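Asker: Sequence:
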Amino acid sequence: MHGVLPAPGSFIWIRRRRWRVQHVTRDRATVRVDVGATDERRTFLAPFDRLQPEEARRRPARARRSRARAVILQLFARSHSARWVSSAVGARIDVLPYQLEPALAVHGGARRVLLADQVGLGKTIQAGLVLAEVVGRHPAARVLIVVPSGLAGQWALELSTRFGIASREVTRTRLDADVRASSRHDDPWRRSGVVLASLDFLKQPHVLDAIPPVPWQLVIVDEAHGVCGDSARHHAVTRLARVAERVLLLTATPHSGDQARFERLLNLGGLDDPSDPLIVFRRTRAELGADRPRRVCWRRLELPAPAARLLDALGDFERALLAASTADSREPALLLLSVFRKRALSTSHAALATFSRRLAWLEAAAERSTAADAVQLALAFSPEGDDDGEPAVALAVTTGMPVRQERAWLGRLVSLARSAARSEHKVERLATLLSRSPEPAIVFSEFRASLEVVARRLETVRTVAVLHGGLSDAERREALDAFRSGRATVLVATDVAGQGLNLQDAARWVVSLELPWNPARLEQRFGRVDRIGQSRRAHLTLLVARHPTEDGLLLHLARRTLLAQQAIGAGPFAELLATLPAEADVRATLFGERAPAAWSGARLPVCRRWQRVARRHAATLLRARALAGRWPARVVPTRPVWSRGGPRTRDSAPAAILVFDVAVVGASGAVIERRPAALRVPGLVAASDLTPALLERAAETVRDGLKSRLGRLERVKRSEAERLERRMTLVLRRLERDLEAARPQPGLFDRRAEARLAGMERRLALARIEIDRSIRVARACEVTAHPRVCAVLLPS
Numbered sequence: 072m073h074g075v076l077p078a079p080g081s082f083i084w085i086r087r088r089r090w091r092v093q094h095v096t097r098d099r100a101t102v103r104v105d106v107g108a109t110d111e112r113r114t115f116l117a118p119f120d121r122l123q124p125e126e127a128r129r130r131p132a133r134a135r136r137s138r139a140r141a142v143i144l145q146l147f148a149r150s151h152s153a154r155w156v157s158s159a160v161g162a163r164i165d166v167l168p169y170q171l172e173p174a175l176a177v178h179g180g181a182r183r184v185l186l187a188d189q190v191g192l193g194k195t196i197q198a199g200l201v202l203a204e205v206v207g208r209h210p211a212a213r214v215l216i217v218v219p220s221g222l223a224g225q226w227a228l229e230l231s232t233r234f235g236i237a238s239r240e241v242t243r244t245r246l247d248a249d250v251r252a253s254s255r256h257d258d259p260w261r262r263s264g265v266v267l268a269s270l271d272f273l274k275q276p277h278v279l280d281a282i283p284p285v286p287w288q289l290v291i292v293d294e295a296h297g298v299c300g301d302s303a304r305h306h307a308v309t310r311l312a313r314v315a316e317r318v319l320l321l322t323a324t325p326h327s328g329d330q331a332r333f334e335r336l337l338n339l340g341g342l343d344d345p346s347d348p349l350i351v352f353r354r355t356r357a358e359l360g361a362d363r364p365r366r367v368c369w370r371r372l373e374l375p376a377p378a379a380r381l382l383d384a385l386g387d388f389e390r391a392l393l394a395a396s397t398a399d400s401r402e403p404a405l406l407l408l409s410v411f412r413k414r415a416l417s418t419s420h421a422a423l424a425t426f427s428r429r430l431a432w433l434e435a436a437a438e439r440s441t442a443a444d445a446v447q448l449a450l451a452f453s454p455e456g457d458d459d460g461e462p463a464v465a466l467a468v469t470t471g472m473p474v475r476q477e478r479a480w481l482g483r484l485v486s487l488a489r490s491a492a493r494s495e496h497k498v499e500r501l502a503t504l505l506s507r508s509p510e511p512a513i514v515f516s517e518f519r520a521s522l523e524v525v526a527r528r529l530e531t532v533r534t535v536a537v538l539h540g541g542l543s544d545a546e547r548r549e550a551l552d553a554f555r556s557g558r559a560t561v562l563v564a565t566d567v568a569g570q571g572l573n574l575q576d577a578a579r580w581v582v583s584l585e586l587p588w589n590p591a592r593l594e595q596r597f598g599r600v601d602r603i604g605q606s607r608r609a610h611l612t613l614l615v616a617r618h619p620t621e622d623g624l625l626l627h628l629a630r631r632t633l634l635a636q637q638a639i640g641a642g643p644f645a646e647l648l649a650t651l652p653a654e655a656d657v658r659a660t661l662f663g664e665r666a667p668a669a670w671s672g673a674r675l676p677v678c679r680r681w682q683r684v685a686r687r688h689a690a691t692l693l694r695a696r697a698l699a700g701r702w703p704a705r706v707v708p709t710r711p712v713w714s715r716g717g718p719r720t721r722d723s724a725p726a727a728i729l730v731f732d733v734a735v736v737g738a739s740g741a742v743i744e745r746r747p748a749a750l751r752v753p754g755l756v757a758a759s760d761l762t763p764a765l766l767e768r769a770a771e772t773v774r775d776g777l778k779s780r781l782g783r784l785e786r787v788k789r790s791e792a793e794r795l796e797r798r799m800t801l802v803l804r805r806l807e808r809d810l811e812a813a814r815p816q817p818g819l820f821d822r823r824a825e826a827r828l829a830g831m832e833r834r835l836a837l838a839r840i841e842i843d844r845s846i847r848v849a850r851a852c853e854v855t856a857h858p859r860v861c862a863v864l865l866p867s
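So that you can map any letter, position 282 of the sequence shown is 353 in our numbering, and since no number is skipped, the others follow by simple counting.
Hints listed in this document are in silico derivations from the structure and should not be mistaken for laboratory results.
Keep in mind the model is a prediction, meaning the values are calculated, not measured.
Hints may contain errors.
Distance ranges between label pairs, derived from CB positions [said to hold, decoys possible]:
#	residue 1	residue 2	range
1	Ile85	Gly300	51 to 61 Å
2	Ala812	Leu781	18 to 28 Å
3	Ser152	Arg833	21 to 31 Å
4	Glu807	Ser263	22 to 32 Å
5	Arg262	Gly235	15 to 25 Å
6	Ser508	Pro345	54 to 64 Å
7	Glu807	Phe147	42 to 52 Å
8	Pro348	Leu835	19 to 29 Å
9	Val250	Arg390	55 to 65 Å
10	Glu510	Pro348	38 to 48 Å
Derived lysine to aspartate or glutamate pairs resembling EDC-like cross-links, with alpha carbons at most 16 Å apart [as the list claims (entries may be wrong)]:
#	residue 1	residue 2
11	Lys788	Glu832
12	Lys274	Asp301
13	Lys788	Glu853
14	Lys778	Glu853
15	Lys778	Glu744
Just so you know, even glycine gets a beta-carbon here, dropped at the ideal spot from N, CA and C.
Please take these sequences and the hints and turn them into a complete structure.
Answerer: Structure representation (structure tokens):
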């Protein structure tokens, strides 16, 4: 290599094969070069591998004038500043100013960003822009994306097709395979690249403890509102986000009406330091001028006599159960009653299955002598996989009512539910609606028992695809492909399809079989079709029964909606849901416990600092795209081209114009910015005068002209290094405090506490080593310019 590092974007020859240089990293006596070809990627080490830079001083080739000008236009299109979101130029996305703001904020110094845009405004695209910039600026970046189960495949597809970023999903099977295939000291979690992992996988203690406390360059948490409870999920994400240089949180519903959950969201990944604020972006369609009128149709259904008798009897049971409950059993009783009422307002089949399971548990529990046996038995009789997220022990609570009396009540409810299930009024009305229109539709229900009834009935009038949480990944993809391709005109789904799926190209009509107690689910359901890319008006149909049990829920949600409007000044429907009722408040209000509390929270501290910069930046990116489209060539040619057509001047001697592509490279090998440069060379009139010595002198002149710019970039890199050092110092202090807080008392006969303490100390030592290493890398602020001549315009 003769002491000269190849520039990223240049070409080198290794083992008689030509490769394009992607990243270059110097480590003591070795140079690591990541290269790529059309079909593969490799890493070589010099001097162990003989790296021969492509002869950059060979004579330029002659080209037509249009070709030379197209090359110059490509140079301007590929240029970008150190502060630009350069990945947006080649990404397969529409350049929208508001989508650039989070990426600009992250590269402007923000460590924690909450992206709380309305459903359907492209949060995944904005996260992809942030990710693409981090990966482009850090050659060995480690990025963790925490996603809900079932969305990892969609994330991988979006990153690959839109940004050309490869990712790998981490599951138990794949992780075991990586460990078996790796060497003894190779940890799959410490490899560079983009990792996708589900939250339910990461929250497992043995998985979380196996992840080393090595700082991630970026941690992205999708559907961040789902990790804000006092649970293992919150503990896992907090632990991972604290050891991260940047944290990006995505949620369309940041506030659920629970102030404690909201505060956990705002503090997620925080370092308890004023220098680590949370930057919040919250945009709506109305603010962006992209608001389309929605049509919401309420279908109030008259109940047949069997269904009305079932709901009347359920109301009587609710009052009797609450009257018999004690102070200790009141909350479990409310939980059980909420399970009953939710399913009864969905379908009679769902209510029948729930009543039967509770009755079977009571009958089996009567034969057990201890409560522990009864609780253990309850796990076997837990719901068989409903996707509504109810705890498994909801049907195994102690309500305070005598067992014999409750069994009598349940026997009556089972009989009434069996009678009402013979004719499902909602399902029949739904079948009638869908038989009258050929429009593709998505039918949502919270419960799989209702889903099965709906699917069986609708198969008589439409072709149906079914999607729920009990399906494998392949079965889910098959169901979605059938609906998107038109082979199925109705998608019947639980709320497993209510997050992350883009179905705006396949449908515009959503039907909700029941009214969710949490309106966030309603917004998530409608957001599958009412999002960017939907060219028609979206329709939502709500099926609601005319009965006091349903009217109470409607009244409560209406009151909370008005409070939400007063709190955030929101528009109709979607924006009402930025502030949501806590389900505990819904439960207590419906059963006469208390009135809904008035909203006392503050608005989200929304950031608007980057709006003007993003608009200017978007205009620049659009001009760059227009320039790139002027010539069909996909890249600037590796060999320089020359053509006649330089400037003609009468008063001065003839001169040629040399156009350079200048890559400004940092110490890590990443391209900080790319810019074109032009140099006028008097007296150069013939192609034979383009000698290697002349081109080298011209390149040196270009380097000298960029010294002031390189000095400014080094100062920027130095300030970024200082900011990173402060952050990593805070991370290390937080890890030390966590270790002291968790330091166990040593036992006399039990050595497990000592072993756990030793493991925590080893993790802290590893964190110190990795943090020191990242700080040393950041302190290397050298910036160099690598000019490469691409076009020569000789005088005519």
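Asker: Next, verify each hint and record whether it holds.
Answerer: Consistency of the hints with the structure:
Between Ile85 and Gly300 the beta carbon distance is about 53 Å. The supplied range of 51 to 61 Å therefore holds. Between Ala812 and Leu781 the beta carbon distance is about 46 Å. The supplied range of 18 to 28 Å is therefore violated. A hinted range of 21 to 31 Å for the beta carbons of Ser152 and Arg833 is inconsistent with their spacing of about 43 Å. For Glu807 paired with Ser263, a C-beta distance near 27 Å keeps the hint of 22 to 32 Å intact.
Checking the proposed 15 to 25 Å range against Arg262 and Gly235 shows it holds: the Cβ atoms sit about 19 Å from each other. Checked against the given bound of 54 to 64 Å, the beta carbons of Ser508 and Pro345, roughly 57 Å apart, stay inside it. For Glu807 and Phe147, the hinted distance range of 42 to 52 Å is satisfied, since their beta carbons lie about 50 Å from each other. Distance hint check: the CB atoms of Pro348 and Leu835 are about 26 Å apart, consistent with the given range 19 to 29 Å.
Hint check: Val250 to Arg390, Cβ distance near 58 Å, so the stated range 55 to 65 Å holds. Our hint of 38 to 48 Å for Glu510 and Pro348 holds, since their Cβ atoms are close to 47 Å apart. About 33 Å separates the Cα atoms of Lys788 and Glu832, which puts this hinted pair outside 16 Å; it is violated. Straight-line distance between C-alpha atoms of Lys274 and Asp301 comes to about 13 Å, which keeps the hinted pair within the 16 Å bound.
A threshold of 16 Å between alpha carbons decides the hint, and for Lys788 with Glu853 the separation of about 8 Å falls inside it, so the pair holds. For the hint linking Lys778 to Glu853, the alpha-carbon distance of about 12 Å falls within 16 Å, and the restraint holds. Straight-line distance between C-alpha atoms of Lys778 and Glu744 comes to about 14 Å, which keeps the hinted pair within the 16 Å bound.
When held up to the earlier numbered hints, the structure conflicts with 2, 3 and 11 and fits the remainder.
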